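Colleague: In order, the protein sequences belong to chains A and B. Heads up: the first sequence begins at 1 in UniProt numbering, then just goes up one per residue. Heads up: the second sequence begins at 1 in UniProt numbering, then just goes up one per residue.
Careful, some of the hints might be misleading.
Mimicking DSS-like on lysine-lysine, the simulated pairs with C-alpha atoms at most 27 Å apart in a straight line are [as the list claims (entries may be wrong)]:
(1) B/K75 to B/K287
(2) B/K57 to A/K120
(3) B/K145 to A/K114
(4) A/K120 to B/K118
(5) B/K57 to B/K196
(6) B/K124 to A/K107
(7) A/K107 to B/K75
(8) B/K57 to A/K114
Over 12 Å on every C-beta distance to chain A, these chain B residues come out as not near it, computed from the model [to be verified]:
(9) K118
(10) L162
(11) F262
Bear in mind the hints are in silico, worked out from the structure with no lab data behind them. None of these values were measured; they are calculated from a predicted model. For glycine and all other residues, C-beta sits at the position ideal for the given N, C-alpha and C.
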Amino acid sequence: MLDDVLGWGGTLPRNRVLLVKDTVAASASFLLLYLLKKILATPDSLVIFVGLKEPFSHYSRIARKQGCNLAMHQDHGSLVYIDLLSKTILEHSSLPTDAAVINEGNKLILLFQKFIRILKEQPGRNTWIIIDDISLIEVIAQGNNAHVRDFLHYCRTLATDQQICSLLLLTHLDAYEDIDETMMANHLELLSDTVINVVPLVTGQAVDVHGQVIVEHKVPCNVNPNTCMDGFQNSRGYGLHYKLMENTVQFFTPGKHV
Amino acid sequence: MVETASRSLRDGVLPGEFAPALMLLNRSSTPHPARVLLLHFLGSLSSNIVSGAAQAKQIVLVAADRNPQFYHDFKGFTEDQLSRFYFVDCFVDPLGWRKILGDHQLLEEVTVRFPHYKVCHDVKDLDSLLMVVLQAGAEKAEAVKFAVVIDSISSLLAYNSLESVAKFINNLRSNGIVSSLVWMLHSELHDAKVMKSFEYISSMNISIEQLKAAVRQTDKSLQMVANKCFSEGILTLRHKRRNGRVREQVEKFEVHGSTMTFSKTEGTEAAKVIVPQVQFRLQLTDKERQERAKVILPFEHQGNGKETLIYDGRPEARSDISTIDLTKKDLQKVTIDDIKPGQVEYLRDSDDERPDSDEDPDDDLDI
């Protein structure tokens, strides 16, 4: 059902920026894995996963429970995991350190270089760069939002007519409530083509509903209109409720859960 | 309204004046309508150039927000129109990262595909960007005027100070060979000072706002319901004339994919027709007006030569009706004879207590 609302029913969208915003009360890590599974299931797809929050074993374990073997995808070359939790960004790069110095100390150029190298090795594939999450990228940039902004801009330039490249970014909705931080939040909003907000129920906790996802499209896309008519709407977009099961996640329109 | 702006861009610069400058101010977090509006202006300007109606002979498009490929692949442009474009690419490598990393492959491919194409590797250097833009425009013939379109000035402001970007714009406007100038600003990325500054240095500005209520107006017959959430909104055009007059117009827009339709808002229509259209007359003729003035209303003075006395509720006045016919002199007489001047009569409760005693009079109350 979420696929219909996202417009992922038939094929994956190309050259899109997808922003997932979560809150403390409703974490979106399940959604990230759900989308990762979807992408990996599509033939000729390539995922570059930048992990900053959890170790690979964590993602791998949860994905396996849900019927997806990340290690196998890694062996087949359809998943490239960039571990920035245990390794520093410099360990991933062959660039002389002075190059980073030239660019006003923006270390994220090294990560961008890594992306370029992977794309050159496997050209023409439907590539998705997944970053978990942006607030930790800010930590690498030592709190310099301008550096993160530049890095994200360069990630966007990776999509050309020869190369399909989409971005899936996770960020925290409530981390940008500070006035100084709103510019960064606005920038992420303007950058993205689709925004998914993962928020708790307004009425509080429930046994059958663990939260709601609200999908906001900013560019035209092939959304199944019938599904959207069933879902609820607010000023931001189309919403669905979800329930997290042991091995899967269920999305449903409000009040339709059996 | 949008046609007014298009005409102004088409007519171009007058000798000795600054070039007309149009700012598109995107006020929402969804830039799609603003981008479609920019494409609309690009389309109308380039078709005017092709037909020879415009003063400019080509368009220099500084692409900082989208890949030039996006404009090149846009289906709304014909081959003729595209041949009038010259791209300055500030999108693909604004900070020179690709140059540092030696990733020239991509850039070379692009340059082969488009002959009129230049990549800017350092957006921070606005002086050389200005040179690139001016050289690009004057490439074919020196005397030819050209239009400059910057698809996002917010991207330039991300790397430069407000003063230097304003100087860059002013240099373009005052150059003489630039026929007209269009740029887009995303208001959510800047504070009020930046927006106001650019409103001052533009001759026209169009502010694009979405209608939030439009989300709820879904139509089952539409194939792309999701598009509804950004498809409707309001455009406000502020046109500054040379004589100092500022004119503001409001229009409603609707986006269908990559095209935009405009319609007048209800507010402006209502302003035109002040008197509602009904089947009976609401106005009076002069004769009717004179006759109306002659009518004496019941509460007005009847003019029979006597002063009117209005009953004030006193019972004595009511009991004797003849009192109403008293003259003013009689009334005064009655007042003086019957009513004594005001005096207060006071009786002390007890003689035991002297009035100026220090004793507390409430002493016995056991408070």
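Colleague: Would you mind marking each hint as holding or not holding in the structure?
Modeller: Now for the hints, and whether the structure bears them out:
1. As the CA atoms of B/K75 and B/K287 are separated by approximately 66 Å, the hinted pair breaks the 27 Å bound.
2. Of the pairs offered as hints, the one joining B/K57 and A/K120 is violated, with about 40 Å between alpha carbons and a cut-off of 27 Å exceeded.
3. With a C-alpha separation of about 44 Å, the suggested pair B/K145 and A/K114 falls outside the 27 Å cut-off, and the hint is violated.
4. Between A/K120 and B/K118 the CA atoms are separated by roughly 23 Å; this keeps the pair inside 27 Å, and the hint holds.
5. At roughly 31 Å between alpha-carbon atoms, B/K57 and B/K196 are farther apart than 27 Å, so this suggested pair is violated.
6. For the suggested pair B/K124 and A/K107, the alpha carbons sit about 19 Å apart, so the restraint of at most 27 Å is met.
7. The suggested pairing of A/K107 with B/K75 is violated, with an alpha-carbon distance near 39 Å, which exceeds 27 Å.
8. With a CA separation close to 43 Å, the supplied pair B/K57 and A/K114 exceeds the 27 Å bound.
9. Even its closest Cβ contact with chain A, about 16 Å, leaves B/K118 beyond 12 Å, as expected for a residue assigned away from the interface.
10. The beta carbon of B/L162 sits about 15 Å from the closest Cβ of chain A, which is more than 12 Å, so the claim that it is off the interface holds.
11. Distance check on B/F262: its Cβ is at least 19 Å (rounded) from any Cβ of chain A, clearing the 12 Å threshold; non-interface status holds.
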